[in-house]
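Trainee: Each chain, written out:
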Amino acid sequence: MDKYDVIVVGAGNGGLGAACKILNSGKSCLVCEKHNIPGGFATSFVRGRFEFEASLHEFNGIGTDEEPGSTRKVFEELGIADKIEWIQLKDAYHLISEKEGYDYVMPFGADAFAKESGKLHPDGEKYIKEFLALCKQIREAMGYLGETKGKPDPKVMMEKYPDYLACGSYSVKEGFEALGYPKEIVDNLNAYWCYLGADENNMTFLHYANMINSYITGGAAIPRHRSHEISLACEERIHELGGDIWFNTEVVKILTDEEGHVCGVRLKDGREIESRHVIANCSPHLVYGKLLDSEAVPERAIKLTNFRKLAGKGFTVFLGLSKSAEELGITDHNYFVYDSSDNVAQYESMKTLDNTGAQATVCLNNAYPDCSPEGTCIVYMTTLFTDDAWSEVTKENYFKTKNKVAARMIERFEKATGTNIHDHIEEIAIATPETYARYCGHPQGTIYGYESQYYDGLMNRIQMVEEDRFVPGLRIGGGYGERLLGYPSSFKSGVNEAGRTLRDMEKEGR
Amino acid sequence: MAFKKSDVPGEDIRLAMEMTAKRRKLIDETPATPLVYEYGVNRLAKALHPGFVKAVIADKTPSSADCVKISLKPAKGEEFPYFRAGQFVTLSCKAGDSFLSRPYSIISSPKEALAGKLEIMVQRKGIFSTFITDEAPVGTELWMGEPSGDFHHDSIRDRKHILAIAGGSGVTPFLSMMKAIREGSEDFRLTLIYGARTRAHIPFDPEGFKSEGVDTVIVLSDEEADGYRHGFITADLLKECIDDDTSVFMCGPDAMYRFVRGELQKLGFDQTLIRSERNSVGDREVDEIRVFKLIVHIRDAVYELDAPNNETLITALERAGIPAVVRCRNGSCGFCHSRVVSGEYFVDAVNDFRRSADKKFGYIHPCSTYAESDMEIDIPIMDL
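Chains A and B, in that order, give the protein sequences.
Every position in the first sequence, counted from 1, becomes a number in our numbering once 201 is added.
231 is the number that our numbering gives to position 248 of the second sequence; each next residue is one higher, with no gaps.
Note that these hints are calculated values from the structure, not bench results.
Some clues are possibly wrong.
[Unchecked claim] Some, not all, of what chain B presents toward chain A, calculated at C-beta under 7 angstroms: (1) D(-5); (2) A(-1); (3) M2; (4) K5; (5) Y20; (6) A28; (7) D137; (8) F336.
[Unchecked claim] One side only, chain A facing chain B, incomplete, derived with CB under 8 angstroms: (9) N237; (10) Y362; (11) C368; (12) T450; (13) V453; (14) H486; (15) L487; (16) I503; (17) K504; (18) L505; (19) T506; (20) V594; (21) E597; (22) A638; (23) N661; (24) Q664.
In this text, all values refer to a predicted model and were calculated from it rather than measured experimentally.
Just so it is clear, CB atoms sit at the ideal spot from N, CA and C, and this is done for glycine as well.
Work out the full structure: start from the sequences and follow the hints.
Mentor: What follows is the structure in structure tokens.
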């Protein structure tokens, strides 16, 4: 068949979610993926006797079997929930911030988190309870906005969600200033900043508050078979529903007809596949800059794309260690190791190759003890570069540069935790922005799509989602989408764009 | 509680209501300059990982009784990528009715590759190697997969001194490392112990690779000669070559790995400091050769072929002339990752480097998998 109802370009989280949604509605769908496996960043790789998770630190929105979270519900609707086995995480994080001398573990669960905050400040418990109450209203308001498809009754909004409206324009910094919490409490709540990668002046308060609330109250989980399990669960579902997924298949053009409507795609080998609808799971930079003919791209699409900021460029060191976590003294699953809790200064310092002042490190065995052979463990450390410093690296100094940065991160973790890991490295792999660019084609090797900005945050994007699309028949979903980056967000963005595509088709009477 | 930032009544909500208008205005004011979607990072990623490159056989030189040095140059308009000394390339081409691919370690240094020269060592054994050494004339064009593999020195993981142990054409990655040390693209010391039957079986000239930090010891098993050790690679010899900052790298036949590991164990050497390059997965011993039917999907194309139970699935695909993606041929790299639609199969645990989810959902690496019944599989297309 050389014709499909919908073609999905890219089998990342967003593309897989979109394809499952389309196929569940009975439409035909082809997924074209440039790489030889699905998932994009949601994958894993094997080195020697270790299988490394490529990107996932923790997945929120899963909840438990009894109390499913919002993402699990989406998985259930798509028919993939039963294909994935989840492992619940015990603690939220171990925060180490050198400048302030912070070194403590925070648990998941609203009550436990609030109680533990009482150790940071005499009124800590009260502040956290108050903060989570505000988050609850934000969450409910977002739910209401979703139900009313972005056309809420202003009266309901004013009566039921006044605080949501009041904090709607503010950054994280402005929001916490208004709440007037002491530094120890704000620093702790800011611990998750590296998961979104924008500093407190740019990160929008609504989005950030909603995310930490989701983590604290809903907890987080990991798939037993690494994130590759999610990707293969989706692939299996795609086949069950009669869809096609082609690997090593790069789309080089999204084709449009005389009216400017999408009419198909052209593959690298010149073959053309017909379709009136394309969901692109890649960057708008690529879609408007390369995949579409320039005549098909309106000026405003270029302006919007230029307006946006490419987010953090990824760097991860993967270590297979020949000693157990216990022997090495690595006690927790998830560490945030910061030079200081001033995330504006951190963000600034991460622009060059000379500093890796913030890292998020996972010891997988502390969540899933059998993830590697007995007497070994898996540790991976991720940081971001907040500017395009890796573009200056040459072929000849690339390998040395990546090892230099990796060695510094290992040393930093050892110093922060008082452990020795460098003597026990049996396997090492290092992913640089070049690696992320290689596998997923992202400009500058960004792993976070477009960075949250004061005027390009979650609510702004959701409200303007229809205004931000330009080519009939084309929608863009995934980590660059309206829900921003992250596993649940990019997945749901793809599902949402598929939902909108189905409505587009309905309007067309097809 | 009530969230309040501004003391001006209604100000907080007014600001929130103005967000979209402000964003719209900022977009209006952004210039419509052409979008940049490729940066230095993207260009370097492509330069390091170009995928398949067309290469031409430029020269052939016999280097020992059974090895030939093949010199490759990039086809017109192509360039060779930079790589890590110790890596291999996969060469592919049509030979008779088959479409064959084989991995070969690189002799050249990374900087030589940048200058457009890539030499590999080919031992005369098997259908493709013999095709390359004896049949394909100079000027033959081949597809070359990008340099791959993790058999290279790592400054974080490995010690500063590598004791390299090789037999046969297994010396190749170490020749590249010795050149890389000499040109300064790698920074470690290397002692090579090379085991051969006689001097006629040595496929390189040790004098040609000498430099500071590089030592070579040659052990002959079937001949006694001045300047050469006689016998085997024993614990006594290994002990002479190990200092307190040594990792061991081995490349050669599996029997050599077993023997040397045993000798190193006698010395109490830390096993986690030993790395050996994996060898190709070949035919397996079976009680009775049975030929199964294999249905293969590549995108929307379907092929039907025979798959004997003693050969890997990739061998069956190649014999049928299907251009099948394959890189390492030892089960580890995952390049040939394929979906099993139906059928029974066997993967030897020592060659099973699949991800755990692959096992759960029924995915295989055809280069290390044997059919145990009729099978239907879905393989990725060869994206040349």
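Trainee: Hint by hint, say whether it matches the structure.
Mentor: Against the structure, the hints come out as follows:
no.: 1; hint: D(-5); verdict: holds (4 angstroms)
no.: 2; hint: A(-1); verdict: holds (3 angstroms)
no.: 3; hint: M2; verdict: holds (6 angstroms)
no.: 4; hint: K5; verdict: holds (6 angstroms)
no.: 5; hint: Y20; verdict: holds (4 angstroms)
no.: 6; hint: A28; verdict: holds (4 angstroms)
no.: 7; hint: D137; verdict: holds (6 angstroms)
no.: 8; hint: F336; verdict: holds (5 angstroms)
no.: 9; hint: N237; verdict: holds (5 angstroms)
no.: 10; hint: Y362; verdict: violated (11 angstroms)
no.: 11; hint: C368; verdict: holds (5 angstroms)
no.: 12; hint: T450; verdict: holds (7 angstroms)
no.: 13; hint: V453; verdict: violated (12 angstroms)
no.: 14; hint: H486; verdict: holds (4 angstroms)
no.: 15; hint: L487; verdict: holds (5 angstroms)
no.: 16; hint: I503; verdict: holds (4 angstroms)
no.: 17; hint: K504; verdict: holds (5 angstroms)
no.: 18; hint: L505; verdict: holds (5 angstroms)
no.: 19; hint: T506; verdict: holds (6 angstroms)
no.: 20; hint: V594; verdict: holds (6 angstroms)
no.: 21; hint: E597; verdict: holds (7 angstroms)
no.: 22; hint: A638; verdict: holds (4 angstroms)
no.: 23; hint: N661; verdict: holds (5 angstroms)
no.: 24; hint: Q664; verdict: holds (5 angstroms)
Hints 10 and 13, counting from the list given before, are not met by this structure.
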